[in-house]
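From first to last, the protein sequence lines stand for chains P and D.
Just so you know, my numbering puts 53 at position 53 of the first sequence, and the rest follows in order with no gaps.
In my numbering, each number is its position in the second sequence, counted from 1, plus 137.
Since the hints were derived computationally from the structure, they do not count as laboratory data.
Just so it is clear, the structure is predicted and the values come from calculations on it, not from any experiment.
One or more of the hints may lead you astray.
Claimed, not checked - Straight-line Cα separation of at most 20 Å, EDC-like style, residue types lysine to aspartate or glutamate; simulated pairs:
#1 D:Lys208 <-> D:Glu183
#2 D:Lys288 <-> P:Asp52
#3 D:Lys195 <-> P:Asp108
#4 D:Lys288 <-> D:Glu312
#5 D:Lys316 <-> D:Glu287
#6 D:Lys303 <-> D:Glu187
#7 D:Lys195 <-> D:Glu242
#8 P:Lys132 <-> D:Glu236
#9 P:Lys55 <-> D:Glu278
#10 P:Lys132 <-> D:Glu296
#11 P:Lys61 <-> P:Glu10
#12 D:Lys316 <-> D:Glu244
#13 D:Lys281 <-> D:Glu183
#14 P:Lys115 <-> P:Asp77
#15 D:Lys266 <-> D:Glu179
#16 D:Lys316 <-> D:Glu179
#17 P:Lys55 <-> D:Glu187
#18 P:Lys83 <-> D:Asp226
#19 P:Lys95 <-> P:Glu72
#20 D:Lys272 <-> D:Glu179
#21 P:Lys68 <-> P:Asp80
#22 P:Lys68 <-> P:Glu131
#23 P:Lys55 <-> D:Glu219
#24 P:Lys55 <-> D:Asp191
#25 D:Lys249 <-> D:Glu296
#26 D:Lys295 <-> D:Asp202
Single-letter residue listing:
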Amino acid sequence: MKKKGTILVENIVFIILNLLFLSILVLFLMRQGSGAIVLGQTYSKQISMVIDSAKPDMIIKMDMDKGKKLAEKNGLDFNDAVKIEGNTVIVKLSKKGGYSYSFFNNVDVSPYPAKDEKGEYTGMYVFVVREKGVENG
Amino acid sequence: MDNKKGTDKLLSIYWFVMLTLIAGGVFAMVYVFYGPPYDVREIESEILAERIADCISKQGVINSDFFVDGKFNAAISESFTERCNFNFDVEKGYGDTGEIQYFYEVEFYTLKDTVNPAFSFYDGNNNWKADCFIKKENNKEYAKLAKCKEKRLYALSKEGDQYLIKILSVIGKSEKNVKQ
Chain P
1 MKKKGTILVE NIVFIILNLL FLSILVLFLM RQGSGAIVLG QTYSKQISMV
51 IDSAKPDMII KMDMDKGKKL AEKNGLDFND AVKIEGNTVI VKLSKKGGYS
101 YSFFNNVDVS PYPAKDEKGE YTGMYVFVVR EKGVENG
Chain D
138 MDNKKGTDKL LSIYWFVMLT LIAGGVFAMV YVFYGPPYDV REIESEILAE
188 RIADCISKQG VINSDFFVDG KFNAAISESF TERCNFNFDV EKGYGDTGEI
238 QYFYEVEFYT LKDTVNPAFS FYDGNNNWKA DCFIKKENNK EYAKLAKCKE
288 KRLYALSKEG DQYLIKILSV IGKSEKNVKQ
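Let the hints inform the model, and build the full structure from the sequences given.
Here you go:
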């Protein structure tokens with residue numbers, strides 16, 4: 001009787017260890033896909049492609065909810081996540097560096113995060129495309 | 138009993154080795170999948186070709202700026218990039234020599250002669266053009282070459298002459314799109 005009990009405990013420990021192992025693998029996979037480097041690169045390239053296709057006076061909204069969560073987790077203001085300097089989009093979702101990608105469309109683009117009535121970030125980013133050299137308003 | 142303990146130990150080592158192999162495999166697969174940068178050059182070259190086509194003709198009629206006195210306006214080749222609102226000089230110091238990462242070529246053919254273009258012009262880094270004509274048999278070896286897109290369209294001049302227009306757009310940018 002005592003022997004059978006030992007076998008059961010061993011099996012349970014074995015199953016628990018297997019589940020733990022699989023959980024760690026799944027967590028690792030999920031973290032890789034939503035890491036600051038991969039996500040920053042994805043966003044900067046997506047934004048560049050959208051700007052390349054855009055025409056002056058367009059207002060483009062992009063869902064960057066995952067980026068918002070990651071930036072907040074890394075202690076960054078979502079307002080500083082996207083910068084456009086000249087013809088280069090820079091996406092920064094962690095305190096270390098950021099990812100930049102250029103676009104060929106010769107336009108001025110102003111990015112800002114959308115806010116709800118309470119003044120909180122919605123996770124959407126807005127890009128206002130203007131003709132080069134034309135003032136805001 | 139001694140034999141059973143020995144078998145158990147062997148089994149434990151076997152499982153440990155198996156788990157290590159599986160974990161190693163998964164890590165390797167993830168590294169291969171997420172390691173190299175996303176290659177968006179094909180989409181980018183397609184967008185560039187579309188934008189050029191939009192600049193040349195609207196609803197199948199070639200922009201009147203392309204003609205002067207019934208002939209092609211050679212001056213358009215100088216100003217086309219600016220007219221189309223393109224800026225190719227965007228990444229200073231990109232690449233070893235800070236070279237321009239874009240190139241396009243536009244060729245107009247009459248329907249009588251589809252071999253020799255009646256008019257053509259280009260802009261950007263001419264060095265990228267050669268990459269378009271290399272037969273890319275092995276994707277890995279040729280991944281660093283520029284990505285090209287050729288677009289063909291038919292359009293009419295205001296006088297009603299029909300032209301075949303070939304647009305070749307090329308994007309370099311291998312540093313940001315291919316694992317170095």
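Going down the list of hints, with the structure as the test:
1. For the proposed pair D:Lys208 and D:Glu183, the alpha carbon gap of about 29 Å is over 20 Å, so the pair is violated.
2. Under the criterion of a C-alpha separation no larger than 20 Å, the hint pairing D:Lys288 with P:Asp52 is consistent with the structure, at around 17 Å.
3. With a C-alpha separation of about 25 Å, the suggested pairing of D:Lys195 with P:Asp108 is violated against the 20 Å cut-off.
4. Under the criterion of a C-alpha separation no larger than 20 Å, the hint pairing D:Lys288 with D:Glu312 is inconsistent with the structure, at around 25 Å.
5. With a C-alpha separation of about 25 Å, the suggested pair D:Lys316 and D:Glu287 falls outside the 20 Å cut-off, and the hint is violated.
6. Taking the CA atoms of D:Lys303 and D:Glu187, the gap is near 12 Å; set against the 20 Å cutoff, the hint holds.
7. Distance check on the hinted pair: D:Lys195 and D:Glu242 sit about 19 Å apart at the alpha-carbon level, within 20 Å; holds.
8. Taking the CA atoms of P:Lys132 and D:Glu236, the gap is near 23 Å; set against the 20 Å cutoff, the hint is violated.
9. Restraint check for P:Lys55 and D:Glu278: not satisfied, since their Cα atoms lie roughly 37 Å apart, outside the 20 Å limit.
10. For a cut-off of 20 Å, the pair hint linking P:Lys132 to D:Glu296 is broken: about 34 Å separates their Cα positions.
11. For the suggested pair P:Lys61 and P:Glu10, the alpha carbons sit about 55 Å apart, so the restraint of at most 20 Å is broken.
12. Of the pairs offered as hints, the one joining D:Lys316 and D:Glu244 is violated, with about 34 Å between alpha carbons and a cut-off of 20 Å exceeded.
13. Between the alpha carbons of D:Lys281 and D:Glu183 the distance comes to roughly 18 Å, so the proposed pair stays at or under 20 Å and holds.
14. For a cut-off of 20 Å, the pair hint linking P:Lys115 to P:Asp77 stands: about 13 Å separates their Cα positions.
15. A C-alpha spacing of about 15 Å is found between D:Lys266 and D:Glu179, which places the hinted pair at or below 20 Å, so the restraint holds.
16. Only pairs whose Cα atoms come within 20 Å are accepted, and D:Lys316 paired with D:Glu179 is accepted, the gap being roughly 16 Å.
17. Proposed proximity of P:Lys55 and D:Glu187 is supported: the alpha carbons are some 13 Å apart, at most 20 Å.
18. At most 20 Å may separate the alpha-carbon atoms for a hinted pair to count; P:Lys83 and D:Asp226 meet this at roughly 19 Å.
19. Straight-line distance between C-alpha atoms of P:Lys95 and P:Glu72 comes to about 11 Å, which keeps the hinted pair within the 20 Å bound.
20. The suggested pairing of D:Lys272 with D:Glu179 holds, with an alpha-carbon distance near 16 Å, which does not exceed 20 Å.
21. In summary, the hint linking P:Lys68 to P:Asp80 is supported, as the alpha carbons are separated by about 10 Å, within the 20 Å threshold.
22. Distance check on the hinted pair: P:Lys68 and P:Glu131 sit about 28 Å apart at the alpha-carbon level, beyond 20 Å; violated.
23. As the CA atoms of P:Lys55 and D:Glu219 are separated by approximately 14 Å, the hinted pair is consistent with the 20 Å bound.
24. Proximity of P:Lys55 to D:Asp191 is assessed by CA-CA distance (about 11 Å); at most 20 Å being required, the pair is judged to hold.
25. Restraint check: the Cα-Cα separation between D:Lys249 and D:Glu296 comes to about 16 Å, which is no more than 20 Å; the hinted pair holds.
26. With a C-alpha separation of about 11 Å, the suggested pairing of D:Lys295 with D:Asp202 holds against the 20 Å cut-off.
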